[in-house]
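S.K.: With the numbering used here applied, the sequence shown has no gaps in its numbers, which climb one by one up to 328 at the end.
Just so you know, these hints were derived from the structure itself, not from any lab. Every residue, glycine too, gets a C-beta built ideally from N, C-alpha and C. Treat each hint with caution, since some may be false.
To be verified - Here are the in silico distance ranges between beta carbons for each label pair: (1) 47 x 249: 52 to 60 Å; (2) 31 x 229: 30 to 38 Å; (3) 65 x 93: 25 to 33 Å; (4) 95 x 61: 20 to 28 Å; (5) 62 x 164: 25 to 33 Å; (6) 294 x 61: 51 to 59 Å.
Claimed, not checked - Derived SDA-like pairs (lysine to any residue); straight-line CA-CA distance at most 25 Å: (7) 114 x 256; (8) 92 x 16; (9) 240 x 285; (10) 65 x 88; (11) 114 x 253; (12) 65 x 4; (13) 240 x 253.
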Amino acid sequence: MRRIAVYVVIPQRTLLLDVAGPLEVLRVANREQEAMRFEVHYVGPAASVVSSIGMTLAEIEPLPKVLPDGAMVVLSGDVDYMMMPGGQAAPKRESLGDAAIVAWLRATVRPGHKVVSICSGALLAGRAGLLDGYACTTHHSTCAELAVVAPGTRVLENRLYVEDGERYSSAGVTAGVDLMLHIVGQLTSYACATAIARYMVVYLRRSGSDPQLSPWLEGRNHIHPAVHRVQDAITADPTKTWTLRALARIAGASSRHLTRLFQEYAGMSITDYKNSLRVALARELISQTGLDMERVAERVGFGSTRQLRRAWGRMYETAPKDARSHAS
Numbered sequence: 001m002r003r004i005a006v007y008v009v010i011p012q013r014t015l016l017l018d019v020a021g022p023l024e025v026l027r028v029a030n031r032e033q034e035a036m037r038f039e040v041h042y043v044g045p046a047a048s049v050v051s052s053i054g055m056t057l058a059e060i061e062p063l064p065k066v067l068p069d070g071a072m073v074v075l076s077g078d079v080d081y082m083m084m085p086g087g088q089a090a091p092k093r094e095s096l097g098d099a100a101i102v103a104w105l106r107a108t109v110r111p112g113h114k115v116v117s118i119c120s121g122a123l124l125a126g127r128a129g130l131l132d133g134y135a136c137t138t139h140h141s142t143c144a145e146l147a148v149v150a151p152g153t154r155v156l157e158n159r160l161y162v163e164d165g166e167r168y169s170s171a172g173v174t175a176g177v178d179l180m181l182h183i184v185g186q187l188t189s190y191a192c193a194t195a196i197a198r199y200m201v202v203y204l205r206r207s208g209s210d211p212q213l214s215p216w217l218e219g220r221n222h223i224h225p226a227v228h229r230v231q232d233a234i235t236a237d238p239t240k241t242w243t244l245r246a247l248a249r250i251a252g253a254s255s256r257h258l259t260r261l262f263q264e265y266a267g268m269s270i271t272d273y274k275n276s277l278r279v280a281l282a283r284e285l286i287s288q289t290g291l292d293m294e295r296v297a298e299r300v301g302f303g304s305t306r307q308l309r310r311a312w313g314r315m316y317e318t319a320p321k322d323a324r325s326h327a328s
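Taking the hints into account, I'd like the entire structure generated from these sequences.
M.R.: Okay, here's the thing in structure tokens:
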């Protein structure tokens, strides 16, 4: 079992959902699969802080002097306005805490460490110089500030999240969930990420400028159980010659009704869904092996190279062979 140490940095006035949302993804990931364990540490310059909604977070560990290889550092955002219970006064903002986090980041993060910033947490990474030379994003209200404090970075607006090498950044609040689903999909499997999204009743979102959604996640932003059962079956064995009748039995519906349901909830036909997964497998084989196109088509479930090229053309503007030349 592979173990990944996750250090969640808790600043003053922590935006609670920046922590709870992404970490809930990791909690469910630990439950859904056994190949990898996310081992979480909550760290910061203070042993306790008051969060954005007035709830105190306690027993926070000190910032460690050394991070293990392969560690993930998650940087939460903070807020100016706090909702305090019972009319209590909000604690005053102090600059020393943020300065301590920035100094720690600058001294501790090394190549091989993933830096994941949620919302305005990107400002901490930017001030530490960890975003220099990288593309990133942050909450729309802090994009201009990030460009000032980290002039060496390329700030992308109107993005849910941005991945650039070992730097991952997300826009405001709930986009942190989208980003962590993406990371979990990379580290475990997209089937696992899909299961987590379904459990959390989260729609897997993207905008026109966001990275292309993986075919393994495409068409999954619904909560219809019969359609999900069919998608789970196809995902588990996309190379199988699935008949509509067999899939209808899995769905517990007639063939005609399943066809309508799938188009309505997945936003595509069953054939297009199967082919998108097969093309994804073909792309991996083309880029990672020396198999000829006929063998690739056969391996992923297409009856001929012509079928492969036709399905490929619906997803990519370039030819299949270009995936191999690009990889080399």
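S.K.: I'd like to know which numbered hints this structure contradicts. Please list them from smallest to largest.
M.R.: 2, 7, 10 and 11
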